[in-house]
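If you read the protein sequences in the order shown, they are chains W and D.
The first sequence runs 3 to 298 under the numbering used here.
The second sequence runs 352 to 854 under the numbering used here.
Hints are computed from structural coordinates only; laboratory data are not their basis.
Accuracy of the hints is not assured; some may be wrong.
[Stated by the list, open to error] Examples of chain W residues toward chain D, derived with CB under 7 Å:
1. 11
2. 12
3. 17
4. 153
5. 154
Since this is a predicted model, take the numbers as computed values, not measurements.
All C-beta atoms in this analysis are idealised placements derived from N, C-alpha and C, irrespective of residue type, glycine included.
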Amino acid sequence: MHSVFKKYIFTTFVAIAALASSYMAIYSYFDYIGLNTLQKPFQMLYEYQNKKARLSDASVVFVGDSSLGNAIDADYFSQLSGYDTGNFALTGKFGYLGSLKMIKSIDSKNLKTVFVFQTTDMMTRDIALDYNTIRLFKSSNFSGINLSIFNISTFDLFMQQIDALFHGKPIYRISIENDYIKQGARLENLDNYDVLRPEKIVKDKTHYLKDIAQYCFENNLQCVYVHGPVAAKICNGSPLYFEQAAKNIAETHIPLEASTPLCIPPEELGDSIDHVAPQYKKKYTKKYYDLLKSYL
Amino acid sequence: MVGIILFFYLVLMLFNSSLFIFVFLPVCLTGFYFFKKQTNKTWVLWLNLCSIVFYGYWSLTHLSILILSVTLNYFLARSMRRFGKLALAMGIIFNLSLLGYFKYSNFLIEQINFGFGTNLDLIKIVLPIGISFFTFQQIAYLADLYKRKAETASYNRYLFFISFFPQLIAGPIVHHEEIFKQLKKRRHFLKGLAIGFSFFCIGLFKKVVIADHVALTANEVFGYAEAGGAPTFLEAWYGALAYTLQIYFDFSAYSDMAIGLAYMFGLRLPQNFSSPYKATSIVDFWRRWHITLSRFLKDYLYIPLGGNRKGHIRKYINVIITMLIGGFWHGASWNFVLWGGLHGVFLFINQWSNDTFKVKSPKIVGWSLTFLLVVFAWVPFRATNIEGFLGIWKGMIFMNGVTLPESMSILNLSKGTLLPSVNTDMGLTIAVLLLICYFLPNTSEIFRKHNVTLSTKGYSHTMDKSKYINWRPTFLWSMLIVFMFTISILKLNNPSDFLYFQF
Numbered sequence: 003m004h005s006v007f008k009k010y011i012f013t014t015f016v017a018i019a020a021l022a023s024s025y026m027a028i029y030s031y032f033d034y035i036g037l038n039t040l041q042k043p044f045q046m047l048y049e050y051q052n053k054k055a056r057l058s059d060a061s062v063v064f065v066g067d068s069s070l071g072n073a074i075d076a077d078y079f080s081q082l083s084g085y086d087t088g089n090f091a092l093t094g095k096f097g098y099l100g101s102l103k104m105i106k107s108i109d110s111k112n113l114k115t116v117f118v119f120q121t122t123d124m125m126t127r128d129i130a131l132d133y134n135t136i137r138l139f140k141s142s143n144f145s146g147i148n149l150s151i152f153n154i155s156t157f158d159l160f161m162q163q164i165d166a167l168f169h170g171k172p173i174y175r176i177s178i179e180n181d182y183i184k185q186g187a188r189l190e191n192l193d194n195y196d197v198l199r200p201e202k203i204v205k206d207k208t209h210y211l212k213d214i215a216q217y218c219f220e221n222n223l224q225c226v227y228v229h230g231p232v233a234a235k236i237c238n239g240s241p242l243y244f245e246q247a248a249k250n251i252a253e254t255h256i257p258l259e260a261s262t263p264l265c266i267p268p269e270e271l272g273d274s275i276d277h278v279a280p281q282y283k284k285k286y287t288k289k290y291y292d293l294l295k296s297y298l
Numbered sequence: 352m353v354g355i356i357l358f359f360y361l362v363l364m365l366f367n368s369s370l371f372i373f374v375f376l377p378v379c380l381t382g383f384y385f386f387k388k389q390t391n392k393t394w395v396l397w398l399n400l401c402s403i404v405f406y407g408y409w410s411l412t413h414l415s416i417l418i419l420s421v422t423l424n425y426f427l428a429r430s431m432r433r434f435g436k437l438a439l440a441m442g443i444i445f446n447l448s449l450l451g452y453f454k455y456s457n458f459l460i461e462q463i464n465f466g467f468g469t470n471l472d473l474i475k476i477v478l479p480i481g482i483s484f485f486t487f488q489q490i491a492y493l494a495d496l497y498k499r500k501a502e503t504a505s506y507n508r509y510l511f512f513i514s515f516f517p518q519l520i521a522g523p524i525v526h527h528e529e530i531f532k533q534l535k536k537r538r539h540f541l542k543g544l545a546i547g548f549s550f551f552c553i554g555l556f557k558k559v560v561i562a563d564h565v566a567l568t569a570n571e572v573f574g575y576a577e578a579g580g581a582p583t584f585l586e587a588w589y590g591a592l593a594y595t596l597q598i599y600f601d602f603s604a605y606s607d608m609a610i611g612l613a614y615m616f617g618l619r620l621p622q623n624f625s626s627p628y629k630a631t632s633i634v635d636f637w638r639r640w641h642i643t644l645s646r647f648l649k650d651y652l653y654i655p656l657g658g659n660r661k662g663h664i665r666k667y668i669n670v671i672i673t674m675l676i677g678g679f680w681h682g683a684s685w686n687f688v689l690w691g692g693l694h695g696v697f698l699f700i701n702q703w704s705n706d707t708f709k710v711k712s713p714k715i716v717g718w719s720l721t722f723l724l725v726v727f728a729w730v731p732f733r734a735t736n737i738e739g740f741l742g743i744w745k746g747m748i749f750m751n752g753v754t755l756p757e758s759m760s761i762l763n764l765s766k767g768t769l770l771p772s773v774n775t776d777m778g779l780t781i782a783v784l785l786l787i788c789y790f791l792p793n794t795s796e797i798f799r800k801h802n803v804t805l806s807t808k809g810y811s812h813t814m815d816k817s818k819y820i821n822w823r824p825t826f827l828w829s830m831l832i833v834f835m836f837t838i839s840i841l842k843l844n845n846p847s848d849f850l851y852f853q854f
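With the hints as extra help, turn the sequences into a complete structure.
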């Protein structure tokens, strides 16, 4: 009788261990050969920006998401303002928490001003998850076995990668161009994009914004919230949303640069409704410099 | 409405968290394996230590409250023979005061402010997790000791009875007799581990994959109504049904996990849910839903009030009072009292019609009506404000109109935009889950041959003799459990809290 249960336990735990080991092994191999390792999305970007932040001497920094990454050229902003400027944009998935972590990563003793530059619909997105990666056996030659891969979103992407490999089209890591993720094909059709509505704002979304405000206060930093640019259709069609978002931001005590964002006309749009096309990055940098110079 | 009561969810060691599953549990089991060969005292001591670490991981302050409560109750129990009624009275006063202070003091302040127009400050309180459960257990023990229906125990055993971590923070509310009797029995480690782990995995799957999935719709619809929105017919029913399923799968999942964990250590806990949505009357529902709470309320509140021994009218009054208090136990808020009151009225009507007409309705009629009433009553239970539950109730009875998806065209009913999670996929999910609740056996029934749970006299227990779904230690079941475990672990990225932790 006991041998039956013993066999059952053995089979069950060996199967679990085998599945887990296989998954980790294949995953680590993908990582090693340069495929998109399907760690939590944009892990590479996070590590790129994090490294920059830790080495930064900037007195003015921008943190936020892809709307920032595509809109602000830090070097050009430095030229215009005369202040050493850094752009440590992540993506929308990181949310305000990502921005907070990025601010905390900045090691610059000269840091005075932080612009929290987020995409206009950030308030409608779920509160971000943390991005601590637990790695075993990390060394100078090996990035380690990532224990944080055991989550459903990573597993989904892992399966997509397997599928892509079978079709001869492996998905490689994102490439950095012009200090941010290289853009894809231009967005032509905005029909699937609805205007922003106040009822879509996530309850308690400003939780980490309040933490940012607290951090800025404690470290004597001037922090300013800036809406990223967005396609004109969204920009002009969402007045109630921006009104509500402004109220929510006001409660966090972070000053808001303007309650409405810069509108991107169709010809200047990049690969997403909140991405400026690469050739217009300097133009929008100048626009934002004009808007923000009073804070410098 | 609830006041400033803060929950430190992020540091609570939940059953559905990697820390618990991969660190805490293996350590406890390993220690238990070695200590069970020693005396009973040794492994009980080891598990007490595990339980202290489990609770203390969340908050050392509240661990000290738990230890203080257990210790004081222990000494009152020991002095029962000498001081009798005085010890019992002191015990009840102490336990209810502790519960009252942590759980209801801000509610009281709010009512005073509302009633008298005062502006008293609320107290910053953190509710000790599980206080409603361990308070009730200790009151029951003292009451039974007084009536000479219980035996005194050593501090080690008493602490175990109250603090054993599988049932500490959200039940089942175990009876002292159920635990003390088992402490002397032999433990079959491998059998316990095999069955207990499988039972646990099924519970984990129910929580992480099923309950958390339907919660998305429930949260969206209720959130919309609470913010002043007017859910239309489909939206309201989606929300209500999603929550009906969420609370069942969430709470029964916790009970399953608690039962599975306890069984890994060779202990059987009482069954807490016996397919409640199969109930054919409200009386039947309460023999199937949160059985251990029903039992407690019946034995320590309803019967002392007089039960059914003082005529029909008094019986009905006692039922309503019991349910009102039962509702209030769930939370310091009028919506829980409303929920309890509704069930009190339902029970009264059920009992009155049984007493008056003595005719049984066809099962399908009884089931339909019962299910409908239960779904309606869950709405105020879930809503955090009056706008929320009124909005959804109105939606359920057509008062907010009917909006169909653009793809449908029936008569002149309005087409429009529904809330995103009110879609075909979720509709199918809800339908499938309802069928599962009605047609498939519950977890205890799946393990029926191994008698994993304790039955409660007078309450429903694993009656369904399922031919096809019986757990056995076979390769097929092993792979099914591996599948459930694997999917659940992948979904553990962001541990969500069990609904009944706030009680």
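Consistency of the hints with the structure:
1. 11: 5 Å, holds
2. 12: With a closest approach of 9 Å, the residue 12(W) hint is violated.
3. 17: Holds - the Cβ of residue 17(W) comes within 7 Å of chain D, reaching about 5 Å at its closest.
4. 153: 3 Å, holds
5. 154: 4 Å, holds
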